[in-house]
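Visitor: All chains, please: the whole structure from these sequences, using the hints.
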Amino acid sequence: MPKKIFLSFLILILVSGVYSEELTGKEIIQKVNDLINVETSYSKSTMTITTTSDQKRTFISESWTKDKGEKNLVRYLEPARVKGQAVLMLNNADDIWMFFPRTQRVRKLATHAKKQKMQGSDFSYEDMGSGETFINDFEAERLEDEQKQGYGCYKVKLTRKPGIDISYVQMIIWVRKDNFVPIVIDYYDEDAPERVLKTLIQSDIEVIDGIPTAMKFVMIDKNNNTQTEMELLEVKYNIELDDRMFTERNLKR
Amino acid sequence: MKKKTFFICAAGIIFFFLIAPEARGDVDLFGYYEAQVIGADVKDHFYQLFANKLRVDLKADLSSSVSFAANFDYITYHGKKEWNVLDFLSSEITSKIPEAMRPLYVIPFSDRHFLDNAYLRLSFKPFDLTLGKQQISLGTGYVWNPVDVFNIKDILDPTYEQPGHNAVRADVPIGLGSTLTALYSPGEEWKNSSKMLQFKTRISHFDFAVTGIEKTWVFHDYTVFDPAQMNFQELPDKRKLLGASTAGELLGLGVWAEYAYNWMETTDDFYELVVGTDYTFDFQTYVLIEYFRNTLGKNDHRDYTLNDWMRSFAQEQKAVSRDQVYMLIQHPATDLMTVGMSAICSLSDHSLALVPMVMYSFSQNVDIYAYLNWNTGKEGTYFANTMGNGGFVRVRVYF
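Chain order of the listed sequences is A and B. Its first residue numbered 1, the first sequence is counted upward by one per residue in my numbering. Its first residue numbered 1001, the second sequence is counted upward by one per residue in my numbering.
To be clear, the hints were calculated from the coordinates, so they are not data collected in a lab. Among the hints, a few may not be true.
Reference listing, derived: stretches of chain A covered by chain B, where coverage requires no fewer than 3 residues with Cβ under 8 Å from a Cβ of chain B [stated by the list, open to error]:
#1 42–55
#2 77–83
#3 111–118
#4 147–153
#5 199–212
With a Cα cut of at most 25 Å, we get these calculated DSS-like pairs of lysine-lysine [to be verified]:
#6 Lys1053(B) - Lys1081(B)
#7 Lys252(A) - Lys1081(B)
#8 Lys83(A) - Lys1133(B)
To be clear about the criterion: a stretch of chain B counts as covered by chain A if any three or more of its residues have a C-beta under 8 Å from a C-beta of chain A, and this derived list gives those stretches [what the hints assert, rightly or not]:
#9 1152–1159
#10 1172–1186
#11 1235–1243
#12 1275–1284
In this text, a Cβ means the ideal position worked out from N, Cα and C, and glycines have one as well.
Guide: This is how it looks when you write it as structure tokens:
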């Protein structure tokens, strides 16, 4: 009996090993996409920008997502300069509204606004990989596996599809084999496709509600020699969220 | 008496927030202090006006369905506190003004303190009700908003906050993407009160709104002084507006448009139209262009009257010329500094104002803004070089 169990276990490992080895780039990215786009989520995070003059700027925000990231609401809590500002993104960030509390004005933004830096940080709105962007906007090609940050990783090249208006012509993603968390992403600029423009490092992975979650993100801008660190202070998955939360009415609260 | 009232209010706020913090509950206290210096080269003099503004905001979520917000502004002015509008106008216009009336065209900058906004928002399941002095922001235009009869933005600084208006407002959501808004801003009587109805919805990637407004529009005849009012003669006129606005995306560009037709009871009907577009390039440069037509404005600068100019300065009408274009380009020069330039061009009289700008994040809650203003048009045009080239520097500290 124990021998049978051992054999079954061995077969399972071998099958899963063979299976994982045979994953295409597209399948790996699909698994990453499924992992990061949970049904609903809430998070509270800090974002600390380290400037070229070594000054720090710290922001605290709350974020809610629904329908696997299709709906997203971000509200800034600190600092005082941006307190109350909020961004609503619907249809995988194809529709964006921004609320400015000082003028009580809601402005509809076009998708090009995703290229702008989030509060002057090294993250742009499109870096957040909202919704299905990895799947819809890029072609995935699996490269040779590599060790990265001490973990066995799939290495996948994402090449921007023709006609897609996104800042990066290419991305290289290292995805941990054991949990499909992307731990390093290199972003390549259109003007210099051979040079890495920015690098995102995701670490401090914790399993929250059964979902492996990177709690720390560092975006390094190689051109400007600046970096932004984002840390999740609180995360909840699969919580009850009403659709009315993702409306202009709630944006202005 | 006013000073006394202010100090009583200030003492009350200090007591409430410092002495009795336990009574504060979930009340947020925030705001900013703003120091600003405006400089202008006028008739061989370089004048300076300094302004200090303290804005204190309160916001309290008293329950999940009741919130209260207010802000109090205290502003002091120093330096050149009286500006004579006639210094900026062409001799063709000023020569017609009787000598005795000339001192009347001085705009004073007097210290002031006021409750800018104070409102209660009651959120019922089917609608939100907002009662009190509140900002009313209408339209999709960046610089000009034809459907907004309550505010006129400063073309040099169009994103600056607008004053509060006393009103009762109901926002009724219809489904997830549509809202019906009814607003009543009371005057002395029902007939001279402002009423607004707006329906806003979403179709594909576009927002659409249809707005109807009735308002008594009070503007002045700046050639006739009314001794009883100790002011220029008031010319109230009933204004009925029907407007439409949209904002969305076309071929990757942000696009917006706004149109309003105004039926006037005694003066000529007119319309206003705005069309705009913007784009952010991969290298982070942001560009915006907006066209504005108002048929109240004149096609030829030789037709501009003293009333046109004064109404424009007093923000009673949006522009003296009929057609104008606003262009903006901004780029983050460093991680802390954004540089940009706006150009405002009157297509009617071919004058142009250039406004280079720098925005610098000095520290977490301190921003510095510097704007220059260079008018290049010939005398008598909208952006004439006699309008006072200069600019301003503003330092704002948020708390």
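Visitor: Hint by hint, say whether it matches the structure.
Guide: Tested hints:
no.: 1; hint: 42–55; in the structure: holds (count 5)
no.: 2; hint: 77–83; in the structure: holds (count 4)
no.: 3; hint: 111–118; in the structure: holds (count 6)
no.: 4; hint: 147–153; in the structure: violated (count 0)
no.: 5; hint: 199–212; in the structure: violated (count 0)
no.: 6; hint: Lys1053(B) - Lys1081(B); in the structure: holds, 15 Å
no.: 7; hint: Lys252(A) - Lys1081(B); in the structure: violated, 37 Å
no.: 8; hint: Lys83(A) - Lys1133(B); in the structure: holds, 21 Å
no.: 9; hint: 1152–1159; in the structure: violated (count 1)
no.: 10; hint: 1172–1186; in the structure: holds (count 4)
no.: 11; hint: 1235–1243; in the structure: violated (count 0)
no.: 12; hint: 1275–1284; in the structure: holds (count 7)
Comparing the model with each earlier hint shows violations of hints 4, 5, 7, 9, 11; every other hint is respected.
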